[in-house]
Each structure stands twice: as structure tokens, then as C-alpha cells.
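Engineer: Going down the list, the protein sequences come from chains A and B. 196 is the number that our numbering gives to position 196 of the first sequence; each next residue is one higher, with no gaps. 144 is the number that our numbering gives to position 144 of the second sequence; each next residue is one higher, with no gaps.
None of these hints come from the bench; they were simulated from the model. Built from N, CA and C at the ideal position, the CB exists for glycine as well. Each hint should be verified, as a subset may be incorrect.
Below, simulated BS3-like cross-link-like pairs (lysine-lysine); rule was C-alpha separation at most 25 Å, straight line [unchecked claim]:
#, chain 1, residue 1, chain 2, residue 2
1, A, K225, A, K280
2, B, K176, B, K221
3, A, K83, B, K42
4, A, K193, A, K233
5, A, K123, B, K129
6, B, K176, A, K225
7, B, K115, B, K192
8, A, K123, B, K163
9, A, K280, B, K245
10, B, K172, A, K225
11, A, K193, A, K180
12, B, K91, A, K83
13, A, K263, B, K215
14, A, K225, B, K192
15, A, K180, B, K163
16, B, K115, A, K83
17, A, K59, B, K192
18, A, K83, A, K155
19, B, K91, B, K192
20, A, K52, B, K163
21, B, K91, A, K225
22, A, K180, A, K263
Residues from chain B shown here face chain A by an in silico Cβ test under 7 Å; the list is partial [said to hold, decoys possible]:
#, residue
23, L65
24, L68
25, V126
26, N127
27, V145
28, K193
29, F240
30, E241
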Amino acid sequence: MLRILWNSKSGMAAQQEKLDSISNNIANLNTTAYKKTDVSFRDMVYENLNRKGYPTSAKSNDETNQANQTNDTANNTPNNQNKIYQTGSGIVASEMTRDTSQGDVRETGVNTDLGIQGDGYFKVTAPGDNGNVYYTRDGSFTVQDGNLVDKNGYKLDITIDGGDTAKVAFTSENFQVDEKGDVYLKQDNDSKKVGRVNLYTTASDEAFVSSGDNLYSLRDGVDIKAASNYRIKQAALEHSNVDMATEMTDMLVTTRAFQLNSKGISTADEMWGMVNNLRK
Amino acid sequence: MIRSLYTSVSGLITQEAKQDVVTNNLANINTVGFKGDSLLTKRFNDVLLQNYDKKVNGKNVRNELGTLSEGSLIDGTSTDFTGGMIQETGKATDFAIEGRGFFVVRRNDTVTGTKDYYTRDGHFHVNAKGTLVNDNGDAVMAKEVAADGRTGTAGPIEGITDKVEAGSYGIKIGNKDYRLETVNPANYDSLKKYGDNLYSYEGQQLQDDDNVVVKQNSLEKSNVNTINEITNMMTVMRSFESNQKVVQALDETLGKAVNEVGSVR
């Protein structure tokens with residue numbers, strides 16, 4: 001009876017985790033460059049039913065074979081050789097994985113906004129001598145003290161030609177970024193290339209750990225390299241990649257699975273109640 | 001009376017084991033590539049009943065009454081390997097098998113050593129070390145396909161530095177093509193569920209079978225039919241209840257036999 005209860009309980013707990021992930025995705029439907037999370041399930045270890053307390057055909061055949069051994073060896077066929085006596089133990093939810101598919105890049109008209117179409121992350125550094133390095137797809141930058149910073153004040157990683165960072169001061173209107181990430185400064189009706197916005201990527205799907213505020217930190221031991229397969233659009237931002245239709249469908253399916261498992265628990269409860277009431 | 005008590009109890013235990021299997025199926029209604037189980041029951045072998053009530057020539061001789069079965073027992077669990085629905089996900093690392101066949105994954109266990117397991121769950125991703133793995137971290141086995149079409153030996157895909165894409169043979173990473181290793185055992189009865197969506201095969205090492213149809217950008221859903229399982233659950237519960245009622249009736253009869261037969265009041 002316990003196993004019936006535990007199977008259904010594990011099912012409910014796992015579906016609950018998936019609901020958590022779905023509701024987080026829906027809450028972030030409009031967050032810039034949000035990447036939705038996925039939860040998958042796997043079944044748990046299978047136990048052998050051919051054990052003490054359970055009547056199985058394996059045991060019955062053994063008894064029959066033993067009884068028949070003295071009189072009829074020709075008919076001694078143990079036909080339970082290939083039979084499997086297994087029962088499962090329910091499911092468990094795997095770790096949440098990020099779905100890094102592209103979100104829509106939508107125009108905003110703000111010159112300091114950058115949207116990435118393709119593969120790559122911006123790199124931002126926290127202020128201070130050994131500021132933490134984060135990666136993000138959120139391109140909503142502003143200008144602070146001539147530098148491009150994100151909403152936390154972390155500086156965007158731009159390589160300036162000639163290595164002279166003090167000389168280039170950005171304002172909200174005086175620069176242009178082309179598709180490859182090259183930065184051009186407007187001076188007296190003339191554009192001059194002054195640097196390049198660096199984009200980074202990794203092959204692994206497990207490379208980043210979310211730090212909140214649309215930022216990701218790199219996991220220890222994962223290599224990161226310069227990205228090449230991208231286009232940057234200025235005055236545009238990447239939208240969240242959450243598709244409402246998919247999330248609602250998933251939520252319906254998960255809720256019904258949750259409900260089914262709760263029916264399993266109430267059935268187990270009824271059955272156990274019957275056993276308890278065998279003799280009042 | 002006592003014998004019939006045990007008959008009913010065997011029914012109760014068998015129905016409970018059946019309910020275990022049904023609720024496990026229900027719990028796995030959303031698991032990728034899950035194959036539903038069903039518990040088979042059969043009756044106990046018949047027992048010969050006899051007494052010594054026959055009189056021949058003034059002597060009591062053995063009188064065979066007939067056969068009686070002593071209940072029901074569990075006749076194994078069978079897995080239904082019907083294909084589940086294939087759903088497109090659009091991710092290049094998601095694979096589904098249409099029809100017969102299994103993917104091969106290698107697991108390194110400190111207890112059982114390195115062993116190959118088979119699975120229908122094609123939800124793969126690249127882990128932090130750059131290996132193509134499934135959700136449990138087991139390496140996916142694949143063969144590298146050279147430019148002239150020759151395939152190499154099967155092994156895990158490691159050291160991945162480029163994104164995984166769809167290729168002409170299956171997977172394309174950078175400029176290398178890979179084909180996932182797939183097997184198709186002739187006899188599915190020897191496949192045992194191992195947990196973590198894996199199957200272990202008792203028998204000879206299975207050979208790679210190229211005829212298995214692999215679809216990329218898709219996942220196979222669980223093949224558990226909700227309506228069947230819910231109906232089974234209700235049926236089993238009511239059978240359980242019937243057996244329970246029989247036990248209660250037997251208890252009452254026994255009570256009468258023990259307490260009231262022969263009492264003089």
C-alpha cells in the first residue's frame with residue numbers, strides 16, 4: 001500500500017516542480033532577453049516483486065516442479081524463465097535547464113539599446129578592481145561617465161582600438177554600432193571606427209548560472225570564447241523567448257497530471273482504509 | 001474456511017501489486033519516452049481435493065472431489081513498447097525514435113563499473129565538460145562519420161566547442177558529422193527497466209542497427225493512456241473491495257462456526 005502512495009506522491013511533487021518553472025516563465029513573459037526554464041522527468045529504480053509475501057508464478061512453478069520431479073521429468077518446463085517481476089517507484093524531476101533559443105528582437109528607438117540576433121552574450125564587469133564578470137543578453141544600456149553601463153552600473157566590455165580608453169567618451173547619441181559589433185563615433189558629420197563590442201559564447205548548455213537581474217555567471221571550469229555567429233541591432237532589444245501558448249498548454253497538461261496523481265493518492269487511502277476496516 | 005481466507009488474501013495482495021504498477025504509470029504520464037507497464041495475474045495451480053467419505057465393501061476409501069484453485073498470483077510485469085507521440089521541440093539536441101529501436105548511453109558507476117544502457121529518452125544537452133549527455137549525465141554514444149561516408153567506432157562525443165546542429169547523418173558539430181548509435185534487439189522481453197529512463201539488456205552485447213529512424217528536433221512523449229490507467233485504477237480498487245468483503249464474510253462465518261455451532265442455549 002505504501003508504494004501506491006509513494007508513486008503518486010512522487011508524481012505530484014515532480015509535477016509541482018514543473019508548475020514552478022512554468023509560472024516563473026509566465027511571470028517573465030515581458031522581461032528583456034529572458035530565457036525560459038525547462039524541467040524534465042525520469043523514472044526511479046525498479047524493484048523486484050518476486051520476494052517474500054507476494055505470490056508469484058515463479059514460486060508456484062518452483063513448487064510444482066519440485067512436486068513433479070519424482071514422477072514426470074519430461075514436463076518440467078520452467079516457463080517463468082524470461083518473466084520479469086518489476087514495479088517502479090515513481091518519478092523525480094531533473095534539474096532545471098535553460099532553453100537558450102532566440103527571442104524576438106524588437107525596435108525600441110533608444111540609441112543605447114542593443115539586441116543580439118544569434119549566438120553570443122555581452123560581458124559586463126562590476127565596478128572595482130576585481131569586479132565580478134557577468135554575461136547577459138539584456139542590451140538595455142545607458143551612458144554613465146562616458147561609458148556604456150547596464151542598469152546595475154556594470155560596464156559593458158568594449159575593446160577600444162589603440163587601447164586608449166580615456167579618450168573615447170560615449171553619449172547617448174554620438175555612437176553607432178553595426179551588425180558585427182564595430183563601434184563608430186560620430187564627429188562633425190564623419191563616422192570613425194573606435195572599437196568593437198565583444199560577444200562571448202560557449203558550446204555547453206550548462207555553462208551559465210543565473211545571478212538574477214538578467215545576469216549569468218560562468219560555471220567553474222567552462223571555457224568561453226569569442227562568438228562569431230551573430231548580428232547586433234542597435235536601438236532594439238531582444239524580447240523574452242517565452243511563448244505564452246506553449247506555457248499555457250504545458251500548464252494544462254501538468255495540472256491534469258498533478259490531478260491524476262492526487263487521484264492515485266486518494267485511491268491508495270481508500271484501499272488502505274478498507275484493509276484497516278477488515279475487522280472492526 | 002481457513003483455505004478460503006488465504007485465497008482472498010492472495011487476491012488482495014495481487015490487486016495491491018497491480019495498483020502499484022498502475023500508479024507508477026500515472027506518475028510517469030509526462031516522462032519522455034516512458035513505456036507503460038502492466039501486471040499479469042493468473043490463477044494458482046489447481047489442488048486436488050479429497051476426503052474419505054466413500055464406502056467400498058464397508059471400508060472408507062479415498063474420494064476425489066475435484067480440483068480447486070487457491071487464489072491468484074502475479075505472473076510477471078510486461079512493458080508495452082508501443083511508440084509514444086512525437087512532439088517537435090525545435091531544439092537540435094532533442095531526438096526521438098520513430099518505431100523500434102533505442103539510443104545507447106554509457107554510464108560510469110563506482111559500483112557497477114562502465115556499462116552501456118539503452119533508452120528512448122532523447123533529451124540530450126552539452127554538459128559543462130563539453131560532452132553530449134542525457135539528463136542524468138550519461139554520455140551519449142555516437143559514431144563519427146568521415147567525409148567519405150565511413151563511420152568510426154562508437155564512443156561518447158567529447159570536447160564539444162561548437163553548437164550542435166542538425167546534420168546530414170544526424171548531428172553536426174563544427175565541421176564533423178556524427179550519427180547516434182542505435183540498437184534494435186530482436187527480443188524485447190530481455191529488456192529490463194533500470195530507472196532514470198534506462199533499460200538494461202541481459203544477454204549478448206547488442207549491435208548497432210542503422211535502420212532505426214531517428215528524428216531530430218523532436219521528443220517522444222510517454223505512451224501511457226490516461227483513460228486506460230484511470231479505468232484500471234478504478235477496476236483494481238473495486239476488485240480489492242470485493243476481496244475485502246469476502247474476507248469480512250468469511251470472518252463472520254468463521255465466527256459463527258467457532259462460537260455458535262454446538263452451543264446450547
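Engineer: Is the straight-line distance between the alpha-carbon of A:K225 and that of A:K280 25 Å or less?
Structural biologist: Not satisfied, since the Cα-Cα distance of roughly 73 Å exceeds 25 Å.
Engineer: Regarding the pair A:K180 and B:K163, is the alpha-carbon distance no greater than 25 Å?
Structural biologist: Holds. A:K180 to B:K163 sits at ~19 Å (cutoff 25 Å).
Engineer: Below or equal to 25 Å on CA atoms is what counts here, so check B:K172 against A:K225.
Structural biologist: This hinted pair holds, its Cα atoms lying about 20 Å apart.
Engineer: Does the alpha-carbon distance linking B:K115 and B:K192 stay inside the 25 Å limit?
Structural biologist: Holds - the C-alpha atoms of B:K192 and B:K115 are around 14 Å apart, at most 25 Å.
Engineer: Regarding the pair B:K176 and A:K225, is the alpha-carbon distance no greater than 25 Å?
Structural biologist: holds, 19 Å
Engineer: CA of B:K91 to CA of A:K83, is that 25 Å or under?
Structural biologist: violated, 38 Å
Engineer: Against chain A, is B:E241 within 7 Å by beta-carbon distance?
Structural biologist: This hint holds: B:E241 lies near chain A, its Cβ roughly 6 Å from the closest one there, short of 7 Å.
Engineer: So if I understand the rule, the pair passes when the alpha-carbon distance is 25 Å or less; does A:K263 with B:K215 pass?
Structural biologist: violated, 35 Å
Engineer: Does B:K129 sit within 25 Å of A:K123, going by the straight-line distance between their CA atoms?
Structural biologist: holds, 22 Å
Engineer: Would the pair A:K193 and A:K233 pass a check requiring their Cα atoms to be no farther apart than 25 Å?
Structural biologist: Measuring from Cα to Cα gives roughly 17 Å; hence the hint holds.
Engineer: Given the hinted pair B:K91 and B:K192, is their alpha-carbon gap at most 25 Å?
Structural biologist: violated, 29 Å
Engineer: Is A:K123 close enough to B:K163, meaning Cα to Cα at most 25 Å?
Structural biologist: holds, 20 Å
When held up to the earlier numbered hints, the structure conflicts with 1, 2, 12, 13, 14, 18, 19, 20, 22, 23, 24 and 27 and fits the remainder.
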